[in-house]
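So the protein lines, in turn, are chains A and B.
Take the position in the first sequence, starting the count at 1, then add 41; the result is the number in my numbering.
Take the position in the second sequence, starting the count at 1, then add 1; the result is the number in my numbering.
Treat the hints with care, as some may be off.
[Said to hold, decoys possible] Pairwise CB distance ranges, derived in the manner of DEER restraints:
no. : chain 1 : residue 1 : chain 2 : residue 2 : range
1   : B       : K94       : A       : G448      : 31 to 37 Å
2   : A       : Q118      : B       : L16       : 34 to 40 Å
3   : B       : V62       : A       : V112      : 20 to 26 Å
4   : B       : K94       : A       : E121      : 22 to 28 Å
[Said to hold, decoys possible] Below are the DSSO-like pairs computed for lysine-lysine, each with C-alpha atoms no more than 30 Å apart in a straight line:
no. : chain 1 : residue 1 : chain 2 : residue 2
5   : A       : K408      : B       : K94
6   : A       : K375      : B       : K27
7   : A       : K189      : B       : K90
8   : A       : K503      : B       : K94
9   : B       : K93       : A       : K408
10  : B       : K90       : A       : K375
11  : B       : K27       : A       : K492
12  : A       : K492      : B       : K94
13  : B       : K93       : A       : K300
14  : A       : K74       : B       : K90
15  : A       : K497      : B       : K94
16  : A       : K68       : B       : K93
17  : A       : K492      : B       : K90
18  : B       : K94       : A       : K456
19  : B       : K93       : A       : K381
20  : B       : K27       : A       : K300
21  : B       : K27       : A       : K381
22  : A       : K456      : A       : K503
The hints are simulated quantities; they were obtained by calculation from the structure and are not laboratory data.
Being a predicted model, the structure only gives us computed values, none of them experimental.
Don't be surprised by glycine CBs; every beta carbon is placed ideally from N, CA and C.
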Amino acid sequence: MTTDLLIQIAYLVASVLFIMGIKMLGKTSSARKGNTLSAVAMFIAVVATLLNSQVLSFTEIFVTILIASAVGWFAAQRVEMTNMPEMVAIFNGFGGASSVLVAASEYWRQAHEASLTMPVVVAVTVVISILIGAVTFTGSLVAFGKLKGLINGRAITFTGQHALNALLFLAVLAFSVLVVLDPNFELWMIAVLAIALLLGVLTVIPIGGADMPVVISLLNSYSGIAACATGFVLNNQVLIITGALVGASGIILTQIMCKAMNRSLVNVLLGGFGQTGGAAASGGGEEIVVKEVGVEESAMLFDSASSVIIVPGYGMAVAQAQHVVRELTDLLEKRGTSVKFAIHPVAGRMPGHMNVLLAEANIPYDKLIEMDHINDEFANTDICLIIGANDVVNPAARTNPGSPIYGMPVLNADKARTVIVCKRGMAAGYAGIENELFGYPNCLMLFGDAKASMTKVVSELKEMATA
Amino acid sequence: MNAEALIVLLYVLVLASFVGFELISKVPPTLHTPLMSGSNAISGITIVGAIVAAGPLDHSVSKWLGVAALFLATLNVVGGYVVTDRMLKMFKKKK
Chain A
42 MTTDLLIQIA YLVASVLFIM GIKMLGKTSS ARKGNTLSAV AMFIAVVATL LNSQVLSFTE
102 IFVTILIASA VGWFAAQRVE MTNMPEMVAI FNGFGGASSV LVAASEYWRQ AHEASLTMPV
162 VVAVTVVISI LIGAVTFTGS LVAFGKLKGL INGRAITFTG QHALNALLFL AVLAFSVLVV
222 LDPNFELWMI AVLAIALLLG VLTVIPIGGA DMPVVISLLN SYSGIAACAT GFVLNNQVLI
282 ITGALVGASG IILTQIMCKA MNRSLVNVLL GGFGQTGGAA ASGGGEEIVV KEVGVEESAM
342 LFDSASSVII VPGYGMAVAQ AQHVVRELTD LLEKRGTSVK FAIHPVAGRM PGHMNVLLAE
402 ANIPYDKLIE MDHINDEFAN TDICLIIGAN DVVNPAARTN PGSPIYGMPV LNADKARTVI
462 VCKRGMAAGY AGIENELFGY PNCLMLFGDA KASMTKVVSE LKEMATA
Chain B
2 MNAEALIVLL YVLVLASFVG FELISKVPPT LHTPLMSGSN AISGITIVGA IVAAGPLDHS
62 VSKWLGVAAL FLATLNVVGG YVVTDRMLKM FKKKK
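Work out the full structure: start from the sequences and follow the hints.
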């Protein structure tokens with residue numbers, strides 16, 4: 042009895058620490074401490090649970106924890122910052138799978154204790170937990186595969202896709218009801234699990250690469266809701282509280298991402314963006330004529346500029362160009378040029394992706410400016426350097442009502458006196474539409490790999506300094 | 002679990018959700034990735050349920066499901082916190 046009370050108090054303390062930790066995560070100055078605090082909360086919750094009188098198999102538990110911790114720690118230390126979205130996706134999937142397994146374990150225990158008929162409440166919560174956990178699991182795995190390039194990153198669509206999903210959704214609801222009506226009949230439960238796993242795959246497959254920030258945020262939210270549902274299964278408040286925190290966080294991020302793309306969540310989830318839009322846009326426009334620029338000329342332009350804004354995009358991450366961009370920044374600043382970074386909310390493959398990459402390259406975070414705060418500054422800027430970004434600087438979003446991205450908030454990069462676009466080739470951006478910015482008279486294209494081009498520009502600039 | 006207990010849990014859920022929305026709507030975009038991976042680690046709280054599920058001394062299916070859950074949840078928790086810490090360590094203000 043006293044041990045149980047102790048456990049409950051420990052859970053309460055952990056819950057408070059989790060909330061404080063999340064609060065501190067919201068400020069750059071205290072974020073690291075906040076993360077540590079929430080890790081301490083997790084540790085307290087784990088230790089308290091080990092005191093539970095039902096927990097007896099310490100050997101298995103400690104061995105499992107030890108191995109998993111080693112694997113997790115190793116993976117977390119090794120991962121490249123550019124691969125962070127994959128990492129988050131796969132961990133998310135593990136969280137979902139773990140919710141499924143806990144609920145399944147509880148279900149199995151109750152279903153096999155012969156004397157027991159499962160209470161309806163337990164059956165309902167188990168079903169919800171398995172359903173959400175399974176969708177989170179396979180959905181995250183598909184997201185991981187897409188980000189890693191194991192599966193085609195573009196939207197995969199086929200005829201009857203929505204109908205199939207709707208049908209499966211209805212089927213899973215029907216089976217869920219059957220489980221609740223007859224909880225001890227395992228086949229219904231297995232059907233729910235199987236369809237939920239399938240739904241996870243089918244709902245993420247039609248969503249293309251640049252919509253990943255939305256999907257990852259949403260799956261993050263699901264993993265919280267799954268933990269929350271497991272809390273209901275086990276009658277455990279700490280799971281419910283923390284699950285709700287994570288769920289809320291994911292939902293807010295999802296909303297921010299959708300707003301930044303001027304699309305509704307439903308529109309993103311139905312997927313297939315890019316295929317239909319591409320045709321509509323290419324019909325109206327004439328061929329875009331671009332002006333190329335070489336490294337030497339680019340370096341000369343930088344040499345005479347007094348203000349530069351850099352717009353990074355996913356292409357910078359792919360080329361691993363963040364470090365050489367830092368070098369360029371340092372070089373320019375040493376000559377008295379002001380350098381700022383303009384960050385679009387959906388640049389990259391997850392919310393805040395660019396911020397992490399630039400932080401890795403030692404660029405202070407107060408140089409990274411949000412879209413709304415920097416958009417008026419482009420007009421007074423000598424050079425806007427765009428590295429691996431495309432749709433987020435397309436002026437068509439402001440000017441062309443026929444464009445599929447019309448209305449999406451974009452960076453006003455075209456307003457700068459000179460725009461240099463560092464890009465591999467003329468391939469269209471994710472939305473599959475031409476970027477009319479590339480044809481503007483003040484726009485110069487610097488074709489090539491971002492890292493290679495920037496390295497050359499930096500060395501040219503250095504030579505100019507010594508000459 | 003009876004209906005009363007369920008209501009209490011629902012109270013907890015609703016209030017915690019409000020707290021979550023309040024806290025997170027203020028997070029600046031710079032911190033979105035760490036927030037996501039940090040909250041991801043927190044969602045590994047199912048580790049608590051996994052430990053209980055893996056607790057019995059027997060060798061039932063139920064127990065081994067719990068052990069599997071424990072493995073994945075621990076991976077989620079440890080990996081999530083370590084990677085978040087690694088990221089946040091890099092966030093520096095101008096020297």
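Here's how the hints hold up against the structure:
no. : hint                        : in the structure
1   : K94/B to G448/A: 31 to 37 Å : holds (35 Å)
2   : Q118/A to L16/B: 34 to 40 Å : holds (37 Å)
3   : V62/B to V112/A: 20 to 26 Å : holds (24 Å)
4   : K94/B to E121/A: 22 to 28 Å : holds (24 Å)
5   : K408/A to K94/B             : holds (9 Å)
6   : K375/A to K27/B             : violated (35 Å)
7   : K189/A to K90/B             : holds (25 Å)
8   : K503/A to K94/B             : holds (26 Å)
9   : K93/B to K408/A             : holds (10 Å)
10  : K90/B to K375/A             : holds (26 Å)
11  : K27/B to K492/A             : violated (35 Å)
12  : K492/A to K94/B             : holds (25 Å)
13  : K93/B to K300/A             : holds (28 Å)
14  : K74/A to K90/B              : holds (10 Å)
15  : K497/A to K94/B             : holds (28 Å)
16  : K68/A to K93/B              : holds (12 Å)
17  : K492/A to K90/B             : holds (25 Å)
18  : K94/B to K456/A             : holds (29 Å)
19  : K93/B to K381/A             : holds (15 Å)
20  : K27/B to K300/A             : holds (16 Å)
21  : K27/B to K381/A             : holds (23 Å)
22  : K456/A to K503/A            : holds (28 Å)
Taken one by one, the earlier hints fail for this structure at numbers 6, 11, listed in ascending order.
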